[in-house]
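All chains, full assembly: derive it from the sequences and hints.
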Amino acid sequence: MKLSVALAGLAVAGGWWLGAVGGAGALAQGAPESLLPPGFDRPSRPARPAPSPSAAPVASSPARVLQPRFDGLGNDAPTASPTPVGALAPVLAAVAKGPVALPEGINSFDQLMALPPEKLDRMLGLIPKYDIPPAAQRALRHIGLLDEGEHGMPAQSLAGQNASLVRAAVAGNAGQMVSRWGHILLRRALASRLDAPDGMAPTEFAALRASLLLRMGEQDTARALVQDVDPSLYDAALAQAAWHAYIATADLTGFCPVLQSQPSLRQDAEWQAMRGICATFGGASASGMGELDRMAAAKSAPRIDILLAQKYAGASGSGNRRTVNVEWEGVTTMTPMRYGLTIALGITPPETAMKDSGTRFSAVNALAPMLGLGLRADASDSAGAHGVLSSAAMVDLYAQVYNNDDVKGGPADRALLLRDAYVGITPADRLTAIQQLWDGAQGNARYGRMVLTAYAAARLTPSADMAGAAGDLIASMLAAGLDGNAAMWRSVVELGSDGWAQLAVAMPVTQKVDVAAIETFIDRDKSENKHRSAMLVAGLSGLGRLDDGARADLLKKLSTSVDGRSRWSDAIDQAANVGNPTLVALLVGLGMQGDAWSRMTPRYLMHIVSALQRVGLGAEARMIAAEAVARG
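For the sequence shown, my numbering gives the first residue as 53, with consecutive numbering after it.
Do not rely on the hints blindly, as some may be mistaken.
[Stated by the list, open to error] Calculated cross-link-like contacts (lysine-lysine; reagent style DSSO-like; alpha-carbon spacing at most 30 Å):
(1) 407 - 363
(2) 609 - 564
(3) 460 - 171
(4) 578 - 564
(5) 460 - 407
(6) 608 - 564
Note that these hints are calculated values from the structure, not bench results.
Set out below in structure tokens:
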């Protein structure tokens, strides 16, 4: 007891001493400065006294709690709350007792739990009918990416057209076109926000457009197009188009909402592997990896495909992680899904697996951001020539190559040449760099290099010293649509030269062309069967810059003709007569199919250029005609 009193006294003494020291410090520094914002140091209001207790409130009927109600039409209205919780007892008492009826073919609970998740959900009716609430779902109208304000086609331009004609124009196009500008025009039409023609379901129209975009090598645009439709509204054709779009962009998990809404669309090995991948990334890693393991045990797919799927699924990080070694021994072919999994994993496929692929995956390589810059640069020549890549996109790609010291070989050398083409000390140095880029490739790849150098060529001041290269420089500028820069070379080019012929169709003028200059061009033309001369005459005729009599005389000299009719020519002329640019663009794509300009006839080119000119697409008409002269 004495010890407790002593400790208490010591505490009091210590507290007094500390207080004295604190007081001395306060006197030495003056009044303490508050660190609180103004107003926060004011004393709080005194608390109000508690109210005196009163009589208990009289019981009343429960208040009606209003909750939002969805009526399926987007109209929200308040409704009364359901029965109070206290009323649940009779409901619980009414629950059926006794054995539960199992689905047909299932005799025990263990068998039920051993089923794959998809089959179990389907058996129990748990497959979701939609992944987006009905009130938030998008209407099946104006499906696409570009509206008229973004240079898209009019939304209603195909609504009143014959569905059979539109279906034939889109489904009948193999996707490869001779013209870069024809490709660009068709992509613009397919990506526009359009309503489906009469008699065609909107989902079918979207599937047709996405499938053609895929055949054109426009997988990114195709994926964006199918994403403009909610997965719960997909039909089988649109789901199939979406499958190919997501595979081509190496975005396999992006397809999972579609697979969830239509799990039984297909039953092949690739679909089964996708089910396993989606289950793993959806959180059911055990069942997803189990699905892939069962495929491996049953050998239902090539071993390389299962290994790639297992490695991809293991990257989900949701458990069941394992080391998967991808072995390419004996693999000599490359399928789209195999390639999509490969590049998604950051793996470079061996040459033995790619030897028979040719340029099949060039567009994929040029656009895939997960691939190395060197591989993308090598693929950009073909992609640029076909219209998949713009000149600005190619320059941006090579700028990344230039800034990356890890890229060696041809891509790095071309990046240095492209820099010299822009910032060479003298115009002659810049022209030399541009020509070295051109001469490093042949055929379509060479034209792709012309697309690459378009803006560098436009920076050159027209000079008589460069008159010999004027034709290629003009072709390079026009490949990117720089007709204003190309027009500055009119004073340099000689009448009847390559440069003059391109400017004759590329310039936005309407006066007639000198026939004598055309004859000079014909005499100098060294193309097979003077095909470029025939393209020039056809282009000028379509633009209305050549009289009928002069055209007949020139074509007779070239031993060719633009006479004759076909169902295609009648269709495109009729579409132009009614002023329908969208239908004209689709028919232009149909008529420009081929792998080389030698397959384009003067008759088809004249109808194409004339139709485009009449529906307000004169710029596209001029660029197509100029490309025909340059590449024909």
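Hints, one by one, checked against the model:
no., hint, result
1, 407 - 363, "24 Å, holds"
2, 609 - 564, "20 Å, holds"
3, 460 - 171, "51 Å, violated"
4, 578 - 564, "25 Å, holds"
5, 460 - 407, "22 Å, holds"
6, 608 - 564, "20 Å, holds"
Checked against the numbered hints above, the structure violates only hint 3.
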